[in-house]
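Produce the entire structure from the sequences given, and follow the hints as far as they go.
In the order they appear, the protein sequences are chains F and U. Under UniProt numbering, residues 1 to 381 are what the first sequence spells out, in order. Under UniProt numbering, residues 1 to 267 are what the second sequence spells out, in order.
The set of hints was computed from the structure by calculation and includes no laboratory data. Note that the coordinates shown come from a computational prediction; the quantities given were computed from them, not determined experimentally. Every residue, glycine too, gets a C-beta built ideally from N, C-alpha and C. Any given hint might turn out to be false.
[To be verified] Stretch by stretch, here's where chain U covers chain F in the computed footprint (C-beta under 8 Å, at least three residues): (1) 82-94; (2) 347-355.
[As the list claims (entries may be wrong)] Distance ranges between label pairs, derived from CB positions: (3) U/Ala-135 <-> F/Glu-73: 57 to 65 Å; (4) U/Thr-114 <-> F/Arg-46: 39 to 47 Å; (5) F/Ala-77 <-> U/Thr-114: 55 to 63 Å; (6) U/Glu-18 <-> F/Asp-296: 16 to 24 Å; (7) F/Gln-264 <-> U/Glu-138: 46 to 54 Å; (8) F/Asp-282 <-> U/Gly-154: 33 to 41 Å; (9) U/Thr-33 <-> F/Thr-295: 42 to 50 Å.
[As the list claims (entries may be wrong)] Reference excerpt, derived from the structure (chain F facing chain U, CB under 10 Å, subset only): (10) Asn-227; (11) Tyr-332; (12) Gln-334; (13) Gly-337; (14) Ile-338; (15) Pro-339; (16) Pro-340; (17) Glu-342; (18) Ala-343; (19) Arg-367.
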Amino acid sequence: MAVIDATGRPPAASGAVPRPVRSRDPLDHEVPTGREEAWRFTPLRRLRGLLTGPDADGKVSVTVDAPVGVAVEQLDAGDARIGRVLVPADRVAAFAMARSGGATAVTVPAEASLTEPVTVRLHGEGGVAYGHLIVEVGPFASATVVLDHTGSATYASDVEVHVGHGASLTFVTLQDWDADAVHLGAHAYSVGRDATLRSFTVTLGGELVRLNPTVDYRGPGGDAELNGVFFTDAGQHQEHRLLVTHEPRSCRSRVTYKGALRGQSAHAVWIGDVLIGAEAVDTDTYELNRNLVLTDGARADSVPNLEILTGEVVGAGHASATGRFDDEALFYLQSRGIPPEEARRLVVHGFFAEVIDRIDVPELRERIMTSVSARLGELPA
Amino acid sequence: MTTAVSTLEIRNLHVSVETEEGPRQILRGVDLTVRKGETHAIMGPNGSGKSTLSYSIAGHPKYTVTEGSITLDGEDVLAMSVDARARAGIFLAMQYPVEIPGVSVSNFLRSSATAVRGEAPKLRTWVKEVKAAMAGLEMDPAFAERGVNEGFSGGEKKRHEILQMALLKPKIAVLDETDSGLDVDALRIVSAGIEAVRAQGETGILLITHYTRILRYIKPEFVHVMAGGRIVDEGGPELAAVLEDSGYDRYVKGGAAAAPAEAGAVS
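Here it is, written out as structure tokens:
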């Protein structure tokens, strides 16, 4: 864990947060070799050619359930609303933008206060597919939006989310793919002045899932919470690369990702980049990643990275820890009559509960915990 | 389902612990019998083996029994897993209860009661039962929604241990330095909680303590002094009074590490 004080100097150990090329043209982005910082943990051979932008020969169907008052539109490829929040930082994101043939836009009008969530169901029907989704929450509105990915696909997707000034958005993206899915996604969030974003990224299924959530602030007083949960099973590669850029003053960010890994060649990658610009005084940021390795053969890479160009911050810190079951905790539970398997399940539930219990969509909470339980049922002693 | 007589018998118990320098012998032949309704105090200086004895009864994997036996109503306790011992009626109130982040006290209590009783307690009566037990220990109902031992004060941890004992109604309860780290008020509340379980007469209590102060609240019928991995002296409550005055010096001649031969010579 590293915490800096307000002496005005960034910590010596602080690395430079990478500044990738940003362009909508796929050809502006080099084809990665696997040695690049952004790609060094990703098994490129398992991306099913998404780096070269293959033609779409499959489909991910999009169904939106939205309360009255929420606008759901299909935008043409040339629509000016595309690319306002996300400028692709790699080839796959650029191909997704170029080949989606437009975007699905969900707009919550200003000052609307939704009592029911908006649910966007993305169901893979096999083959290569591209997708683009735009979510805009108008000023002073409040909403919950859920992205629910299921089925099978080789899928490159862009998601642009804008939270208008004074608005509040809870955003859940659930990757509950079938076991053979490959999903590369760029999730860009922009947080308006005095706006609040509370996001949850839950990755359970898929053979390979690589998500790049990024946060930018459009004014002071923005508050972004990026929560994540992943359960990486044998053979799965799950990668979450986050970048939070503090440029305006007085914004807050909290990153909390928790993962459990189990089985041969389960590989989880968490990268937490936070950049605090020279003008971003009064910033308050903290990022945390905890991984629970349940069996041998699994591997977790966890890299927090903080670059600070002003010393006048409220707080800037990070923590990362990867460990196994706490034997003393298991002994304590067993000494109360609880069988070993149930003791382990309780510990894992507790580990995830800190994040999952805060998702204010009960049926989603239950579905996630049920999925976790099902995997734990097969946990070896 | 309490059998007529519940008896914990410890015979010639030898226990070693794994250390970086290899196994180290801690217990060197402990004999002890605790029956339902009896209260025994085990007292002794630091390093005498008191905590090793309590962990060995509960089955902590760090400790290896190299010789001797532990039985409960004739059943071989050493052959049982940790959770099976608890279900057989053995309870250990830990000296340092561990945190289980994100697992609420209410969920934990219900899981353990379900395991020990063999069926899930009926929700309505269970809620009442927990509330009553918590009230007896002067615990705020909001406590049930906190994570197990998460951010608990020393007093809260020990009250939570005794709460579990009250709900699980063990045949034999081993209380490992339950009095340590408690202020006077907390000691009074915790002692009252132990007394309430004791008064039901269904539980044999093995009270392990370094100090005599808890014995002002809980009067044991039997007092055992442990030193050098053995029980070196035994008596009634009057022995506790002697220890209060003279301490353990006469059991640990020549320093803290009592040689078994010397210690044995005292008894």
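Status of each hint after checking the structure:
Counting residues of the segment 82-94 of chain F whose beta carbon lies closer than 8 Å to any beta carbon of chain U gives 0, which falls short of the minimum of three for the stated coverage. A count of 7 residues in the segment 347-355 of chain F with a Cβ less than 8 Å from any Cβ of chain U is obtained; the coverage claim is therefore met, three being the minimum. One distance hint, 57 to 65 Å for the beta-carbon pair U/Ala-135 and F/Glu-73, holds here, with the actual separation near 59 Å. At about 44 Å, the CB distance of U/Thr-114 to F/Arg-46 agrees with the hint of 39 to 47 Å.
A C-beta distance of roughly 58 Å is found between F/Ala-77 and U/Thr-114, which places it inside the suggested range of 55 to 63 Å. Here the CB-CB span from U/Glu-18 to F/Asp-296 is close to 21 Å, well matched to the stated 16 to 24 Å. At about 51 Å, the beta-carbon gap between F/Gln-264 and U/Glu-138 stays in the expected band of 46 to 54 Å. The supplied range of 33 to 41 Å is met by F/Asp-282 and U/Gly-154, whose beta-carbon atoms lie about 38 Å from each other.
Under the hint 42 to 50 Å, the C-beta atoms of U/Thr-33 and F/Thr-295, about 43 Å apart, fit the expected range. The criterion of a C-beta within 10 Å of any C-beta in chain U is not met by F/Asn-227, whose closest approach is roughly 14 Å, and the hint is violated. A hinted interface residue such as F/Tyr-332 counts as satisfied when its beta carbon comes closer than 10 Å to some beta carbon of chain U; here the least separation is about 5 Å, so the hint holds. For F/Gln-334, the interface hint holds, since its Cβ comes within 10 Å of a Cβ in chain U; the closest pair sits about 4 Å apart.
Interface restraint check: F/Gly-337 against chain U, minimum CB-CB distance 4 Å, threshold 10 Å, status holds. At about 5 Å, the closest approach between the beta carbon of F/Ile-338 and any beta carbon in chain U falls short of 10 Å, and the interface hint on this residue holds. Against a cut-off of 10 Å between C-beta atoms, the interface hint on F/Pro-339 holds, since the closest Cβ of chain U lies about 5 Å away. Interface hint at F/Pro-340: satisfied, since its Cβ lies 7 Å from the closest Cβ of chain U, which is below the 10 Å cut-off.
Among the interface hints, the one on F/Glu-342 holds; its C-beta lies about 7 Å from the nearest C-beta in chain U, closer than the 10 Å criterion. Interface hint status for F/Ala-343: upheld, as the beta-carbon distance to the closest one in chain U is roughly 8 Å, under 10 Å. Hint on F/Arg-367 is violated. Least Cβ distance to chain U is approximately 18 Å, over the 10 Å limit.
In summary, the structure is inconsistent with hints 1, 10, 19 from the numbered list given earlier, while agreeing with the others.
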